[in-house]
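Those protein sequences? They're chains L, A, X and G, same order as listed. End of the first sequence sits at 338 in this note's numbering; the numbers just go up one at a time, nothing left out. End of the second sequence sits at 309 in this note's numbering; the numbers just go up one at a time, nothing left out. End of the third sequence sits at 314 in this note's numbering; the numbers just go up one at a time, nothing left out. End of the fourth sequence sits at 503 in this note's numbering; the numbers just go up one at a time, nothing left out.
Incorrect hints may have been included.
What the hints assert, rightly or not - Counterexamples of contact, computed for chain G against chain L with all Cβ distances above 10 angstroms:
#1 125
#2 237
#3 254
Stated by the list, open to error - Quick list of the computed label-pair ranges, beta carbon to beta carbon:
#4 500/G - 108/L: 53 to 63 angstroms
#5 161/X - 90/L: 14 to 24 angstroms
#6 157/A - 191/G: 56 to 66 angstroms
#7 117/G - 86/A: 40 to 50 angstroms
#8 157/A - 285/X: 45 to 55 angstroms
#9 91/X - 104/L: 26 to 36 angstroms
#10 314/G - 213/L: 23 to 33 angstroms
#11 107/X - 296/L: 23 to 33 angstroms
What the hints contain is simulated information worked out from the structure, not anything from laboratory work. Even glycine gets a Cβ: it sits at the ideal position worked out from N, Cα and C.
Chain residues, written in single-letter form:
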Amino acid sequence: MASLSPSLKKNVLRHESLLLLVLLLEFAFLCLYARNFGTPDNLSNVVRHSAEIGLLALAMMPVILTGGIDLSVGSLMGLCAVLFGVLTHDYHLATLPAAAVTLAAGLFAGGFNAFLITALRLPPLIVTLGTYSLFRGLAEAITQGTKTYRAFDPAFLSLGETRWFGVPLQAWILTAAAASFYLLVHRSTFGRSFRAIGFSPEGARYAGLSVQSRTALPYLLTGLVAALAALLFTARLRQARADAGTGYELCAITAVVLGGTSIFGGVGTLPGTLAGIAAIAVLTNGIGRVPAVFKAGIGGELASLLTGALLLVALAGPELARVLSTRSAKISPSPKTL
Amino acid sequence: MKRYFRELSVAAALVLLLLLLALFAPHFYELQPLLSRLTAQIPTLVLTLGIALVMLTRQIDISVGSQFGLCAVLAGLVSAGGHGLPVSLAAALGAGAFMGALNGCLVAWMRLPSIVVTLATMVTWAEVLRLFQQGKFVNLAPGVQWFGLSQLGGQLTLLGVGGALVALAAYLLKNTSGGRHVYAVGSDAEAARLSGINPSAVTFGVFVLMGTLAGLAAVLNLVQSPQVDPKCGTGLELKAIAAAVVGGVAVNGGRGSLWGALAGLLLLATINPALTFLHVEAYWEKAIQGLVILLAVIADGIRSRRNLN
Amino acid sequence: EKTDPAAPASSGKKLTVAFMPKSKGNSYFIACEKGAREAAQELGVELLFDGPTNTDPAKQNEIVENWITLGVDVMAVACENREGISGALKKAQDKGIKVVTYDSDTTPDARAFFVNQATPQGIAEALMDEAARLCAEEGEFAIITATLTAANMNEWRKHIESRLAAKYPKMKLVDTKPCDDQKDKAQAEATNLMSAYPALKCIMAICSPAVPGAAEAIKQAGKTGAVKLTGLGLPSENRAYLKEGVTQSVILWRVADLGYLAIQAAVASGNATLKPGAKTFKAGRLGELEIEETSIILGKPFIFNKENVDQFDF
Amino acid sequence: MRQPLLRLSQITKSFGAVRALKGVSFELHPGEVHALLGENGAGKSTLIKVITGAHQPDGGTLEIGGTTVSNLTPTRARKLGIACIYQQPALFPDLSVSENIGLRLEGGAFFAKVHWKQRRKNADALLARIGAALDPETPVRSLSMPEQQLVEIACALGSGAKTVIMDEPTASLTQVEQELLFGVVRDLRASGAGVVYISHRLEEIFALADRVTVLRDGQSISTRAVRSELGAMELTEEELISLMVGREVASIYPHRGGSPGETVLELENVCCAAGGIANISLAVRAGEILGLAGLVGAGRTELARVLFGITPADSGTIRLLGRNVQVRSPQQAVSLGIGYVPEDRRRHGVILPMPIAENMSMAVHPKLFPGKWLRFEAERALGLRFIEELGIKAYGPEAPGGSLSGGNQQKVSLARWLATEPRLLILDDPTQGVDVGAKSEIHRIIRDLAAKGLAVLMISSDLPEVLGMSDRIAVMRGGRLVETFEGSTATAQRVMSAALRPS
Ligand SMILES: Nc1ncnc2c1ncn2[C@@H]1O[C@H](COP(=O)(O)OP(=O)(O)OP(=O)(O)O)[C@@H](O)[C@H]1O
Ligand SMILES: Nc1ncnc2c1ncn2[C@@H]1O[C@H](COP(=O)(O)OP(=O)(O)OP(=O)(O)O)[C@@H](O)[C@H]1O
Ligand SMILES: [Mg+2]
Ligand SMILES: [Mg+2]
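Based on the sequences and whatever the hints tell you, model everything.
Structure representation (structure tokens):
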């Protein structure tokens, strides 16, 4: 591969490498001690089950890189799932056009967030807190909370199970998305702008970057990706309901933060995010397979606990090393965002 | 006026909603239910105060809901064990302070991002509580409810405690050196350091205070019913953060007031009952809540936009 | 035809039985788990207990799929979501895993048996009849549910509404509010309902934390006896309110027995001692139970009240 | 001999691999103004931060008032009577001016009551003493760079400290405020306080300092008296420069250019209410440097912000190369060929955590990265080129901007806009905080660019610079353009009197 971007190189030496190490150790441990963890069937489960959250995390990463946040992605998944259900069932649209309309709607919803954030300059946290409620609320209002859409086109439903060359479709989609986002964040001028805006929106403006449009782009993408995730989720669960994606925003943010992206913006890498997604996915799947754990019936709880611990270890590790090596060398804290 | 535009626009939204209720659902103002609704918000109010302080120092604490649940169950168990209210209060405050201190250590001295630290402690305390309590309610000792007073007496006491706490906190924040240090650290930690303020100490202190307030809030919730639901803290962090943010406390620290946070909380806490009183079906609740949040801040956005050009 | 669930597995190896609640950390399913562990011990099988930490249908699917690759022999599942989980369960059946459901069912083709505490219709009718009895078949009532998307509660609400339309024309359902499975929220909702609908005569709380929550609200509003309260809940959480007369009645089955029966049935179908088409099933200490098509019925729901609540310890 | 206020010996300090101080010795006596001089990155600010406890030294001893101190913190330093105006204003943007001053001066115990009225009165008095017309209730966020510097000065003045340190206090102050500051410094000296004074403007050193210590590459080279006991000058400018730089530098301005070409920028009655400027009409031609003089708050920066599209004009016409244009945003300005080196380099000029190469390429993305794909080699080459050309002291193009000294950051900010090869370059105090050597280098570069047909609008608070560099000089006062001089006819007196004349 050609030379990495300098900032990427520097980070690879810090946080991401530690995370990768943890991931490998985790993997090795589970292969040894967890029942049937390393089987191809199970590994493809790991990917299938983390596809939606993984996609959301990939899209969330550039948002956080600009110093923003998008809390509405999980709710938007619910709204898009319901919309897809309405289109195919109530309006009898074929799967393909319905999916296209759903994706467009996701893009539109992302655009709504982007408009409020860039044109009205409202803080992303408040805007997406509002749309977090709004999107879920619309989904519930459309279905009156109770309606569930089932009976989709079998070809569509098979997306949840399809494999290409023995690898689940989700893995291909994730790979494609990861590659695209990698190019966007690390190889294009867009990514550079995200970073600059994340460090200092004022500074970016004075550098002549189009801060408005560059800030808007990641929110548009999270909207689009949330719609895609909603479609995958619907295919996998064979139904569309208003509660799709509940709590996924937090999972996605966790993965991004675990992957070393700073919540204040500017700092972070996409490979780090991928490692974050993988670390959580592997842990969630594997820990419940360790005999002592499943006998005690604490798989779910332990997975959450360990994710929390992992977060701390992964972040504290490099920080500790830095504190110990140079106690006083302190780069001034990142400048405040607007 | 200009400085408090956000607070005022939120208060205006609240007044509008209250007027609407006065016109279309006068039942809303019946005394006893109104009192109950208000006292039910006191614990959230206490958390909101803490969260506002944390946000003013440019940090965040999303573990408060878990802290609250753990303190509530602990205080409940202590009381069920036959100890008096002061002992359960001390237990809750102690546990809260401990959890806050843990967050504070990691954030202030180890310089970890607070969102990460508190995300981790949030799941930790929640899972610990789940594993330990297994969802069982805790039945309290008889003298705990309403501090052993009559219901009215208890409710008035609670309102008094809540009101006094807001007033005291707002006063201290505005008029003591320590209070101003909170703003200073949130505004620019490095400048604070150079001015002879110890940002780590302030940050640590604020997290400890947050934990202690979570303990206090848990007890103020505990006295309102004879049982503790171990799930009582779920989602509270989001409510408190939303209240503070809607009330104008800046996510980036340094700006905002406790009165604004109070207005934000009252607005958000009025929407839900208002829907019941206006006979709006429950499935509209979230959509309307989201819209109100957006509308309450859009005025502010348009204003600052105009100022910029 | 007689079945004997205690017969050893044909292979001689210990059977692995997976048992899933709708959500963990919920006292209802904790009670289920207790019964399940009792049965597992009795039958000498390995029990796996796991489930979503919050009600989450997607998570249930994932756990089922993980159990498949883990290599369990039988699974007993309380389904959060009827259709949603059927695909995963069918996959399990394709791999030769025996599937039973309990508490709430999936589609019949995705499992061998459903261990039924009572039919949704039965529960709903019991609730509606009890509410009607409490307010003398006349007046306004409201429902407090867990969430607007909880599948089994929506099923009950559907049957409640049709029972209402068919039998109690003078009664009116004025509102349905979710309480997010939290007692405090239920209390707030009940307070609002009573004051927004001054003529309200009865509250029906159909998720377990909502019953004590609503009871406290009624008590604080000083409407004990004036607003009646019934619902689905655990005796232990409602004993005090029942005795004070705030709550008139609580409807439930013996929850631990439900878990016990689920494991008994699961093991029996894993051992092939319980085969499709059976008419009865001998379930350990519960004795001989009837099978209706593919549903094993635990029995009728109980109505707990002031008089009988002390007989129950869960 | 009196007890020195400060005595430092063999102080060392490293940042990772960068050895900022390699053994500095320094003494400050009561009643003296001791200047600290050195090239950009010589270690002056680092030394200051060691004295104020903001940095812990790696080695050496630090004596304050005769006692050796270790583990100094800013709080303790303040208690020991040390006050400091940092090079980068260390203010709280969200808080008001009076509160900023209050927080600096009070250092109250945790529960100490804040006396708002007292604070305000105090702030009013301090600001009045340094002649700053600022409302103490305005938030610092909305102050311009020089105004922030005035607030810093007020803080140092009010501290009542025995040792006052000023790190480039005049970097963006103009003559008038400078004179007021000098008055403050002389008062301090008369009251027996010691002042450490850092500046790159040599004339200030000669006007104020009693002694001067020169730093080079983190080492103290020598300490010299500026005047003899009798007041005669003991040091020449040339001597001082060669001590600093280690070689001769011509401190004269480059020759003015030849005849200017076509008109690049033409303004007619440009107004901007938000920026407080009205009826500005002027023209800048290719090959010409138009100097813009005025006092702090005269509206020069605001005019630049209007031209760069940050606060777009409300009315009037802006013509660029004869075409009427509307500049509504910075990116539009960039695409029109306008470059702007802003006044506040920390907030606007450089994105501190980003590598300097990335900072430099920021405004040339379309040119450097056609098709929007990054080309790291090209970017690195760009970085290396300007590091070389401007003599930037950094360990490489990947060094974050924040790790550079103030003057070197300024060069990065300049490099970003030189890289765009603009038609019109607006410079707002382009050499603030830049050492003499680099300054003349920058002057030469600007002049060369002008010679190649660039039009330059140069705002500067350094009057000699305006006089020395400009082909023509426009003077602003109260948001209006009041007078224009030909460069050759302008003198300091004429420019100052135009800037000061009451309206
Ligand atoms: N926080 C830091 N991290 C890394 N290097 C630093 C840091 N601060 C200063 N340096 C380095 O230390 C050296 C001395 O910097 P310093 O700011 O003291 O210079 P200075 O003499 O004040 O220069 P100027 O006149 O430009 O302000 C420089 O090479 C600078 O790059
Ligand atoms: N970045 C800014 N943000 C907000 N207000 C500003 C900013 N810069 C300047 N101002 C305001 O505009 C007024 C005009 O100041 P301006 O900076 O244009 O003066 P100037 O002539 O450039 O003098 P100097 O640059 O020396 O301060 C100032 O009083 C200040 O309050
Ligand atoms: Mg310096
Ligand atoms: Mg200026």
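Here is what the structure says about each hint:
1. At roughly 31 angstroms, the least C-beta separation between residue 125/G and chain L is larger than 10 angstroms, which holds for a residue marked as non-interface.
2. At the 10 angstroms boundary, the C-beta of residue 237/G stays outside the reach of chain L, the nearest C-beta of that chain being 34 angstroms off.
3. With a closest Cβ-Cβ approach of about 28 angstroms to chain L, residue 254/G is found to remain outside the 10 angstroms limit, as its non-interface label requires.
4. Take residue 500/G and residue 108/L: their Cβ atoms lie about 58 angstroms apart, and the range 53 to 63 angstroms holds.
5. Between residue 161/X and residue 90/L the C-beta distance comes to about 22 angstroms, which sits within the given range of 14 to 24 angstroms.
6. In this structure, residue 157/A and residue 191/G meet the distance hint of 56 to 66 angstroms, their C-beta atoms being roughly 58 angstroms apart.
7. For the hinted restraint 40 to 50 angstroms between residue 117/G and residue 86/A, the CB-CB distance of approximately 41 angstroms keeps it satisfied.
8. One distance hint, 45 to 55 angstroms for the beta-carbon pair residue 157/A and residue 285/X, holds here, with the actual separation near 51 angstroms.
9. Checked against the given bound of 26 to 36 angstroms, the beta carbons of residue 91/X and residue 104/L, roughly 33 angstroms apart, stay inside it.
10. A C-beta distance of roughly 25 angstroms is found between residue 314/G and residue 213/L, which places it inside the suggested range of 23 to 33 angstroms.
11. Taking the beta carbon of each, residue 107/X and residue 296/L are about 32 angstroms apart, inside 23 to 33 angstroms as hinted.
The structure meets every hint from the earlier list without exception.
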